[in-house]
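S.K.: Those protein sequence lines, which keep their order, are chains Y and D. Just so we're aligned, residue 1 is where the first sequence starts under the numbering used here, counting upward by one. Just so we're aligned, residue 1 is where the second sequence starts under the numbering used here, counting upward by one.
Quick caveat, the hints were computed from the structure, so don't treat them as lab data. Please read these numbers as outputs of a predicted model, since none were measured by experiment. Mixed in with the good hints there might be a few duds.
[As the list claims (entries may be wrong)] Cross-link-like lysine to any residue pairs, in silico, SDA-like; alpha carbons within 25 Å at most: (1) D/Lys215 <-> Y/Glu191; (2) Y/Lys195 <-> D/Asn53; (3) Y/Lys215 <-> D/Tyr109; (4) D/Lys215 <-> Y/Asp134; (5) D/Lys215 <-> D/Asp246; (6) Y/Lys89 <-> D/Thr139; (7) Y/Lys5 <-> Y/Val165; (8) Y/Lys215 <-> D/Ala140; (9) D/Lys5 <-> Y/Gly185; (10) Y/Lys215 <-> D/Thr139; (11) D/Lys166 <-> D/Tyr109; (12) Y/Lys65 <-> D/Val51; (13) D/Lys89 <-> D/Glu128; (14) D/Lys89 <-> Y/Gly185; (15) D/Lys215 <-> D/Arg242; (16) Y/Lys65 <-> D/Glu54; (17) D/Lys195 <-> Y/Asp134; (18) Y/Lys215 <-> Y/Gly185; (19) D/Lys195 <-> Y/Val165.
[Unchecked claim] Beyond 10 Å from chain D on every Cβ pair, some chain Y residues (computed): (20) Lys89; (21) Gln97; (22) Arg102; (23) Arg104; (24) Val165; (25) Ala170.
[As the list claims (entries may be wrong)] Here are some of the chain D residues that sit facing chain Y, going by a computed Cβ distance under 8 Å: (26) Glu110; (27) Gly113; (28) Gly171.
Quick reminder that beta carbons are idealized off the backbone N, C-alpha and C, glycines included.
Protein chains: 2
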Amino acid sequence: MSEAKTVTAALVIIGNEILSGRTQDVNLAYIAGALGEIGVRLMEVRVVPDVENEIVDAVNTLRAKYDYLFTTGGIGPTHDDITAECVAKAFGLPLIQHPEARRRLVERYEQTGMELNEARLRMANTPEGAELIDNPISTAPGFKIENVYVMAGVPMIAQAMIDGVKQTLAGGDPVHSRTLVCSIGEGNMAEGLGKIQDSYPVIDIGSYPYYRRGKYGTSIVLRHTDEALLESASEEVAALMRSFGDEPRDEI
Amino acid sequence: MSEAKTVTAALVIIGNEILSGRTQDVNLAYIAGALGEIGVRLMEVRVVPDVENEIVDAVNTLRAKYDYLFTTGGIGPTHDDITAECVAKAFGLPLIQHPEARRRLVERYEQTGMELNEARLRMANTPEGAELIDNPISTAPGFKIENVYVMAGVPMIAQAMIDGVKQTLAGGDPVHSRTLVCSIGEGNMAEGLGKIQDSYPVIDIGSYPYYRRGKYGTSIVLRHTDEALLESASEEVAALMRSFGDEPRDEI
Numbered sequence: 001m002s003e004a005k006t007v008t009a010a011l012v013i014i015g016n017e018i019l020s021g022r023t024q025d026v027n028l029a030y031i032a033g034a035l036g037e038i039g040v041r042l043m044e045v046r047v048v049p050d051v052e053n054e055i056v057d058a059v060n061t062l063r064a065k066y067d068y069l070f071t072t073g074g075i076g077p078t079h080d081d082i083t084a085e086c087v088a089k090a091f092g093l094p095l096i097q098h099p100e101a102r103r104r105l106v107e108r109y110e111q112t113g114m115e116l117n118e119a120r121l122r123m124a125n126t127p128e129g130a131e132l133i134d135n136p137i138s139t140a141p142g143f144k145i146e147n148v149y150v151m152a153g154v155p156m157i158a159q160a161m162i163d164g165v166k167q168t169l170a171g172g173d174p175v176h177s178r179t180l181v182c183s184i185g186e187g188n189m190a191e192g193l194g195k196i197q198d199s200y201p202v203i204d205i206g207s208y209p210y211y212r213r214g215k216y217g218t219s220i221v222l223r224h225t226d227e228a229l230l231e232s233a234s235e236e237v238a239a240l241m242r243s244f245g246d247e248p249r250d251e252i
Numbered sequence: 001m002s003e004a005k006t007v008t009a010a011l012v013i014i015g016n017e018i019l020s021g022r023t024q025d026v027n028l029a030y031i032a033g034a035l036g037e038i039g040v041r042l043m044e045v046r047v048v049p050d051v052e053n054e055i056v057d058a059v060n061t062l063r064a065k066y067d068y069l070f071t072t073g074g075i076g077p078t079h080d081d082i083t084a085e086c087v088a089k090a091f092g093l094p095l096i097q098h099p100e101a102r103r104r105l106v107e108r109y110e111q112t113g114m115e116l117n118e119a120r121l122r123m124a125n126t127p128e129g130a131e132l133i134d135n136p137i138s139t140a141p142g143f144k145i146e147n148v149y150v151m152a153g154v155p156m157i158a159q160a161m162i163d164g165v166k167q168t169l170a171g172g173d174p175v176h177s178r179t180l181v182c183s184i185g186e187g188n189m190a191e192g193l194g195k196i197q198d199s200y201p202v203i204d205i206g207s208y209p210y211y212r213r214g215k216y217g218t219s220i221v222l223r224h225t226d227e228a229l230l231e232s233a234s235e236e237v238a239a240l241m242r243s244f245g246d247e248p249r250d251e252i
């Protein structure tokens, strides 16, 4: 078995609208998928309100614990957008108006004829020394400071930002996965599956019951960087399913 | 202004399938909404992997910090279902087979003719002294120990569990909300909105830009327990929108 290089990340989702249930977050799943493609494993997510000390604490705890930290939300022009200030405070850095961010905003607002007022200029604020993250949708950039990547909350913009950023990250070995679906209750397979997990302790084996259109069953998902090892474990799971008289499928 | 009683909660979402991006969580928004109805405010959410020390740490941190802690996920019959053990460890309590939980499982599996094996009996395990949370969908219960409520991850079951549990919680004053939608860019309103927030510091005023079917604009959401105060602040937001020549609407 090859020695796998694991690169880890966390995500802080900032915003009262997620915590109130008003807005369904969709950034977590997208960012997790984008990171997975380059071998970065999302290990922890926190959703915090638009409250300074909560944001500062989450940023400082998670940037120390993982290789990368991403944040979404709170970088717009209004009073409840406080992420840039909070990240500056977390790093003990002054908050400055980033010259290139300002230049981009000036250019955009000249083109559109909208007013570039004080509130909108707040979107050029970053901690001193930050690099910009491009926003191909609506110009106002995110930023990177050390291992922390500050992105927008609006899904279309968050997705464009992570798609741009992921090219620049030092990823690990990509994690591959195999999914085997059957019509057997997970309780029937649990003992056999536990034994397979014991034989392959490094493989992440997940068991997920489903119930759709009157049919129930179980999806088994195996994840690891080593494809040969994954293939071997998947064959044991397939054999377990066959021992219950079912033929594994790729999807529900 | 009346003195508001604030009751707080946190949620721990347990499961590698959420962190890998394979599964889109929908429990957060549902639980947040259910708690909001009874005046309990969801203040923080953590998504953690199926790893013992991560679950134990999250449970112990958040049960001390908030009035209630809810968890979803990890209470099925397979090797990756470790929530009951972790919660017992977090409380320093022995993990026992709960007699009533066992009785319910025996009854169900007798009715369905399926095998109640050792793996399925794990679903009767709780920390000593726990009370059961009913599962009207598939029998295997959740449980409550002190201020921690352990629920299933499957959305249909998680929703049934929180719907049952919420009747039993000591809620706070219910939080009311007003939403005002307009076609004005949030950057235009930001200064005026900031002044309204300064006049009503206790009201949670959120500003959310939208872009749908080629039309953009801003939704302003005001939240507080005091309806009269909320009405007064909402009128100021409506006047701000009118000062830009737009008439506020209820929805996008």
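S.K.: When the structure is checked against the list of hints, which entries are broken? Sort them ascending.
M.R.: Numbers 1, 6, 9, 11, 14, 17, 19, 26, 27 and 28 - these are the hints that the structure violates, sorted from lowest upward.
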